[in-house]
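Colleague: Got chain X sorted already, so can you dock chains H and D onto it with the hints?
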Amino acid sequence: MKIAIASGKGGTGKTTLSTNLAVYLAEKKSVVLTDLDVEEPNSGLFIHGELIHQEDKFNMVPQWKSDSCTLCGNCREVCNFHAIVQLVDQIMVFPQLCHSCYACSELCPSGSLPMTPEKMGELQEYQSGNLHFIESKLDVGQEQAVPLIAQTLRYVDENYSEVMLKIYDSPPGTSCPVIEATKDADLVILITEPTPFGLHDLKLAVETMQELKKRFVVIINRYGIGNDDVVDYCDGENIPIIMKIPNSKAIAERYSRGELLYLVVPEFRAELDKLIGFIDTLNRETEQ
Amino acid sequence: MKEIVVISGKGGTGKTSLTASFAVLGAQDVIVADCDVDAADMHLLLEPDFKAAENFFSGVIAKIDQNICNQCGKCADVCRFDAIPVIDGHHIVQPLDCEGCGYCARICPVDAIKMEEQNVGNWYISTIKTGSTMVHARLGIGAENSGKLVAKVKNEAKRIADEQQKDLVLVDGSPGIGCPVVSSLSGASFVILVTEPTVSGFHDLKRVYQLVNKFGIKAGCIINKADLNPDVTQQIWEFLKNNAIEHIADLPYDESFTEAMTQGKTIIEYRQGELQEQVRQSWDKIETIVNSL
Amino acid sequence: MKIVFTSKGTEWVSAIDPRFGRTDYFFVYNKDSDEISTVDNRAIVETAHGAGPQTAQKLFELKPDVLITGNGPGGNAARVLAQGNIKIYVGASEMTVKEAYEAYQKGELKEF
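Read top to bottom, the protein sequences are chains X, H and D.
Take 1 as the starting number for the first sequence in my numbering and just add one per residue.
Take 1001 as the starting number for the second sequence in my numbering and just add one per residue.
Take 2001 as the starting number for the third sequence in my numbering and just add one per residue.
No lab work stands behind these hints: they were computed from the structure.
Beta carbons are placed, not taken as given, at the ideal position from N, Cα and C, and that holds for glycine.
Careful, some of the hints might be misleading.
Residues of chain D placed beyond 12 Å of chain H at every Cβ, according to the derived structure [claimed, not checked]:
{"hint": "1", "residue": "R2019"}
{"hint": "2", "residue": "N2030"}
{"hint": "3", "residue": "D2032"}
{"hint": "4", "residue": "K2110"}
Under the rule of at most 25 Å between Cα atoms (straight-line distance), these lysine to aspartate or glutamate pairs were calculated in the DMTMM-like manner [what the hints assert, rightly or not]:
{"hint": "5", "chain 1": "H", "residue 1": "K1265", "chain 2": "H", "residue 2": "D1029"}
{"hint": "6", "chain 1": "H", "residue 1": "K1002", "chain 2": "D", "residue 2": "D2065"}
{"hint": "7", "chain 1": "D", "residue 1": "K2008", "chain 2": "H", "residue 2": "D1250"}
In isolation and in its complexed conformation, chain X is listed as follows (with noise of 0.2 Å):
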């Protein structure tokens, strides 16, 4: 089973959530956990395994070639995201800008923009007993997340087909990063707070997903603090609360030096161990 966990907006627990919950489950069985938060990956300060691999992630991008272009510009023009600009005697690409799509250099009249594989962030893998966590970064400059998760996805479909349990920190927010972290998976956790903030950005994740035709549930973190509009908006909406974090300065402070809550906050693994239960019922509906 695949799980995102996601939120409208930044800053709600998403990370807390999938690192304790998977080192949780990983006490039992095994379990992989894949940041896909590429632009800030922030998963890897709470999990401490040894790396196992490691490697370099490219797209596509042209490059040109002096000795065999015309500079008819036909390249220029075809380019809808402004990636290519032509000087007096050259053709200048701009990898960050290309979005991939081999027009220019399929286009080309005399082929002088070969499709060549340019780095655009890293993919590292740990292992902790029976942990697995995958993380990919882009590289500072870099500004296309989405191929990066397509492709970290793929990495771990084909190196992790036989673990039952996956587990993906998505990015935050209602836009491309996140649909494409979102797409394959069978049940998204939207993780939110009962403030103000918290239920108007959540609306917008409900919104995304029930688009995406996905199958959801909601976590409220902080729970306690604000009002109680989160919960009569999910009741009203039918959308199940699996689990609630309860408020506490205390828990505020451990997430604040990296430490994994459900260890030492007893409040915390007890809510924790609803949403295993949760996940549990829906395995068996599933297997059946």
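Modeller: Coordinates of chains H and D only, in the frame set by chain X:
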């Protein structure tokens, strides 16, 4: 006219709550621009009236005219994004998968594909509860914030500031380190970095500061929830000192930010106390710095 | 010598546009012939991403010796400009074109 941009790198540090507080303190003197379009929450505290609305178009996606299409499939062959599946015998573009590269439209032998501009959301010019003006936007699903939208929101805010002879534009900046935040920073007079003393907060602060530094913009920092982790707070102090970033304030971990938010208020309007005084002093300090630039 | 300013308008008293990629105009001063001309760059506002390199290409075609602007071009635009031996001066954000020119002559602007 001066432009103050508030950014944070990581979400949940209190950036929007603080920006809204400053908007209330600056009152009639500041025009507000919300460029955090992915999580545009400032309207929940400032009560805009959504008076003037305009559609916002950005990017293009392919559309196949089924009356012209001969279903030859060449478009699907060249599409690198698998955005043109065959559904019931027809080639149909999936809007969420289409990147808008236009390759298919260029090679379609019967010219059945048009690239259509997408209406991805709205932007608004509103009067807010302080009596001042706010420019903000709302995007649809799958639509991403862009340098273009940020530039649009900021330009409108500046035009209005010019028109009303206001000296300050206050911008709630975009998250992350990509194109939108670059556009948020472009033209800024002063940047306020809002952070928290957590491992992730400090990590993201350093990443986003690289960008600010590249543009050579003067920056100041507010450490929110500073008492949460004195060790990390100390590390942030060091970082600020080493990079000549103005240390504006340390604010305590205080749930009244959330309590105020629940009532649709900024912390300034919620109740008076020490925290409010600190936020007030922060704003005074920011104004002094900006006026001296 | 040809000096180009990023500007909000088309006159000496127009304000400098602090942005490079999304500047409204280029104000071009040819010192040798004492002539001015302007280039309208406002269409670039319609570009979602990649405004910098496009504007840089346009500037490049003007073959200037000096560029005077506010914040300075971003990484992509700077890469294009590096092809043309253009000296770039920044820090003119709050000035008019005229003031920026005077500041440049006095050596008060920072080289990018």
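Colleague: Going back to the hint list, which numbers does this structure go against?
Modeller: Hint check: 1, 4, 6 and 7 fail, others pass.
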